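Q: Heads up: the sequence lines are chains A and B, in that order. Under the UniProt record's numbering, residues 1 to 301 are what the first sequence spells out, in order. Under the UniProt record's numbering, residues 1 to 114 are what the second sequence spells out, in order.
In case anyone wonders, no lab produced these hints; they're calculated from the structure. No experiment lies behind these values; they were computed from the predicted model shown. All residues carry an ideal CB built from backbone N, CA and C; glycine is no exception. Possibly wrong hints are sitting among the right ones.
To be clear about the criterion: a stretch of chain B counts as covered by chain A if any three or more of its residues have a C-beta under 8 Å from a C-beta of chain A, and this derived list gives those stretches [what the hints assert, rightly or not]:
hint: 1; region: 2-11
hint: 2; region: 15-28
hint: 3; region: 31-37
hint: 4; region: 57-65
hint: 5; region: 79-88
Taking lysine-lysine and the DSSO-like style, the derived pairs with C-alpha atoms no more than 27 Å apart in a straight line are [said to hold, decoys possible]:
hint: 6; chain 1: A; residue 1: K20; chain 2: B; residue 2: K82
hint: 7; chain 1: B; residue 1: K96; chain 2: A; residue 2: K202
hint: 8; chain 1: A; residue 1: K161; chain 2: B; residue 2: K82
hint: 9; chain 1: A; residue 1: K20; chain 2: A; residue 2: K232
hint: 10; chain 1: A; residue 1: K161; chain 2: B; residue 2: K96
hint: 11; chain 1: B; residue 1: K20; chain 2: A; residue 2: K168
hint: 12; chain 1: A; residue 1: K89; chain 2: A; residue 2: K70
hint: 13; chain 1: A; residue 1: K168; chain 2: B; residue 2: K96
So, partial list: chain B residues that the calculated Cβ filter (under 7 Å) puts toward chain A [said to hold, decoys possible]:
hint: 14; residue: L106
hint: 15; residue: V109
hint: 16; residue: E110
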Amino acid sequence: MCTTCGCGDTELVPVELHDKILAGNDRQAAHNREHFLGHGVLALNLMGSPGAGKTAVLEATSRFAEGRLKLSAVSADLATDNDARRLEKAGIPSKAITTFQACHLDAAMVHHALDGFPWDRSDVFFIENVGNLVCPAIYDLGQAANVVALSVTEGEDKPIKYPVMFQKADLVLVTKCDLVPHLDIDLARIDDAISRVMPNPKVLRVSARTGEGLAEWFAWLEEQRRPIVQGKGAHMHGHAHSHEHTHSHEHTHADGTVHSHPHAHVHEHPHEHGEAKAEEHQHEREAGHAHDPAEKHEHRH
Amino acid sequence: MHEYSLVQAVVERIEEEVQKQRALAVHALTVSVGELGGVDPELFRTAFETFRQGTVCEKAALTVRVVPATWSCPACGKAIEKGAVLRCPACDLPAKMGEGSDGLTLDRVELEVP
Ligand SMILES: Nc1nc2c(ncn2[C@@H]2O[C@H](COP(=O)(O)OP(=O)(O)OP(=O)(O)O)[C@@H](O)[C@H]2O)c(=O)[nH]1
Ligand SMILES: [Zn+2]
Ligand SMILES: [Zn+2]
Ligand SMILES: [Zn+2]
Numbered sequence: 001m002c003t004t005c006g007c008g009d010t011e012l013v014p015v016e017l018h019d020k021i022l023a024g025n026d027r028q029a030a031h032n033r034e035h036f037l038g039h040g041v042l043a044l045n046l047m048g049s050p051g052a053g054k055t056a057v058l059e060a061t062s063r064f065a066e067g068r069l070k071l072s073a074v075s076a077d078l079a080t081d082n083d084a085r086r087l088e089k090a091g092i093p094s095k096a097i098t099t100f101q102a103c104h105l106d107a108a109m110v111h112h113a114l115d116g117f118p119w120d121r122s123d124v125f126f127i128e129n130v131g132n133l134v135c136p137a138i139y140d141l142g143q144a145a146n147v148v149a150l151s152v153t154e155g156e157d158k159p160i161k162y163p164v165m166f167q168k169a170d171l172v173l174v175t176k177c178d179l180v181p182h183l184d185i186d187l188a189r190i191d192d193a194i195s196r197v198m199p200n201p202k203v204l205r206v207s208a209r210t211g212e213g214l215a216e217w218f219a220w221l222e223e224q225r226r227p228i229v230q231g232k233g234a235h236m237h238g239h240a241h242s243h244e245h246t247h248s249h250e251h252t253h254a255d256g257t258v259h260s261h262p263h264a265h266v267h268e269h270p271h272e273h274g275e276a277k278a279e280e281h282q283h284e285r286e287a288g289h290a291h292d293p294a295e296k297h298e299h300r301h
Numbered sequence: 001m002h003e004y005s006l007v008q009a010v011v012e013r014i015e016e017e018v019q020k021q022r023a024l025a026v027h028a029l030t031v032s033v034g035e036l037g038g039v040d041p042e043l044f045r046t047a048f049e050t051f052r053q054g055t056v057c058e059k060a061a062l063t064v065r066v067v068p069a070t071w072s073c074p075a076c077g078k079a080i081e082k083g084a085v086l087r088c089p090a091c092d093l094p095a096k097m098g099e100g101s102d103g104l105t106l107d108r109v110e111l112e113v114p
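With the hints as extra help, turn the sequences into a complete structure.
A: Here it is as structure tokens:
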């Protein structure tokens with residue numbers, strides 16, 4: 001009601017929000033990240049055009065690793081589980097995430113895939129995203145780093161055309177390099193294009209067919225793993241036990257399943273469990289059942 | 001076409017605000033999209049037109065603010081032009097992205113309250 005005369009008129013009120021549109025996904029991604037770090041697993045978001053050679057790189061990585069690194073993967077596929085089956089065949093425990101019409105993976109889809117699948121016993125967990133050079137880049141999945149596969153057959157100007165994807169990349173794998181002698185392509189021009197969209201370019205040239213560049217790629221993986229393994233080591237030192245979550249109410253997932261976490265957790269930071277049911281948590285908080293992080297992590301040791 | 005899921009997230013956030021403020025209607029909303037935010041402003045508008053039917057935003061006017069991407073040297077502050085190598089030639093340092101360049105935010109809503 002109009003406060004000056006009580007005439008019953010309504011008022012127009014501007015409300016400043018400045019909220020991140022993807023805040024919900026970011027919360028879920030932070031939760032995924034805790035799962036990955038809690039298990040000392042290096043999670044990588046592998047993106048690229050359809051047919052860029054993402055699956056082939058993973059198959060080749062498994063061959064090259066010869067058991068020196070335990071790999072696992074989830075693979076986004078519009079309708080089939082072909083990629084996941086290829087990866088299983090290559091010795092990589094895998095699960096398909098069927099995305100149907102979705103053009104990207106989001107953090108909730110990845111979290112859902114973590115159930116009943118031994119990703120937590122691997123060293124490197126690959127998330128093979130939907131073949132698409134635009135949408136996947138803006139959704140954080142909880143990964144430690146982004147890897148973009150760009151095949152030599154795609155043309156030298158791809159990075160310039162898709163700056164969002166390359167700006168977010170931590171590493172670009174220039175794939176199918178065995179084909180270079182058969183193509184009219186200048187690898188230096190690809191590097192140049194990348195340097196105009198990626199401020200700190202890191203590029204490796206590989207071939208899943210010949211094995212070229214796989215040693216460098218393997219070294220990069222080891223380098224990325226180091227801080228994660230050390231983080232877990234430090235954590236295990238303080239908490240050499242595993243426990244079950246006692247706040248399973250905060251763990252109701254989009255599909256209604258409740259999962260407990262029979263693993264050691266990272267306790268140093270507030271454990272943000274806001275998931276798909278964030279509204280519910282919000283409601284709980286407003287109702288006065290505040291979950292202060294210290295209280296949340298009082299586990300019986 | 002992730003623009004649809006983004007519009008959905010925006011509408012849900014506004015619904016929350018409407019409840020909180022006990023608003024009767026939403027008159028306007030402003031969204032900021034960074035040039036490197038991975039969102040096509042036109043697709044976002046189209047998605048909004050379709051998606052808003054039957055929601056609190058049914059009659060709301062949408063403003064999409066496009067924020068151009070900027071890069072500069074983290075040491076000397078020199079701007080690095082679009083299309084140039086993203087590295088300061090003088091300081092030999094990787095460029096820093098300007099605020100909002102890859103942003104995706106719901107900035108403000110105009111609510112009708114009793
Ligand atoms: N010559 C050559 N061909 C390759 C190489 N890697 C992949 N290919 C071929 O490229 C095609 C696509 O490879 P995939 O590994 O399925 O590509 P992808 O990125 O996983 O494809 P989607 O998951 O469908 O997006 C296949 O026909 C592969 O045989 C390579 O290193 N050299
Ligand atoms: Zn694939
Ligand atoms: Zn969980
Ligand atoms: Zn400088």
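Q: Look at each hint and say if it fits the structure.
A: Taking the hints in turn, this is what the structure says about them:
{"no.": "1", "hint": "2-11", "verdict": "holds (count 5)"}
{"no.": "2", "hint": "15-28", "verdict": "holds (count 6)"}
{"no.": "3", "hint": "31-37", "verdict": "holds (count 3)"}
{"no.": "4", "hint": "57-65", "verdict": "violated (count 0)"}
{"no.": "5", "hint": "79-88", "verdict": "holds (count 5)"}
{"no.": "6", "hint": "A:K20 <-> B:K82", "verdict": "holds (25 Å)"}
{"no.": "7", "hint": "B:K96 <-> A:K202", "verdict": "holds (16 Å)"}
{"no.": "8", "hint": "A:K161 <-> B:K82", "verdict": "holds (13 Å)"}
{"no.": "9", "hint": "A:K20 <-> A:K232", "verdict": "violated (31 Å)"}
{"no.": "10", "hint": "A:K161 <-> B:K96", "verdict": "holds (20 Å)"}
{"no.": "11", "hint": "B:K20 <-> A:K168", "verdict": "violated (36 Å)"}
{"no.": "12", "hint": "A:K89 <-> A:K70", "verdict": "holds (14 Å)"}
{"no.": "13", "hint": "A:K168 <-> B:K96", "verdict": "holds (13 Å)"}
{"no.": "14", "hint": "L106", "verdict": "holds (5 Å)"}
{"no.": "15", "hint": "V109", "verdict": "holds (5 Å)"}
{"no.": "16", "hint": "E110", "verdict": "holds (5 Å)"}
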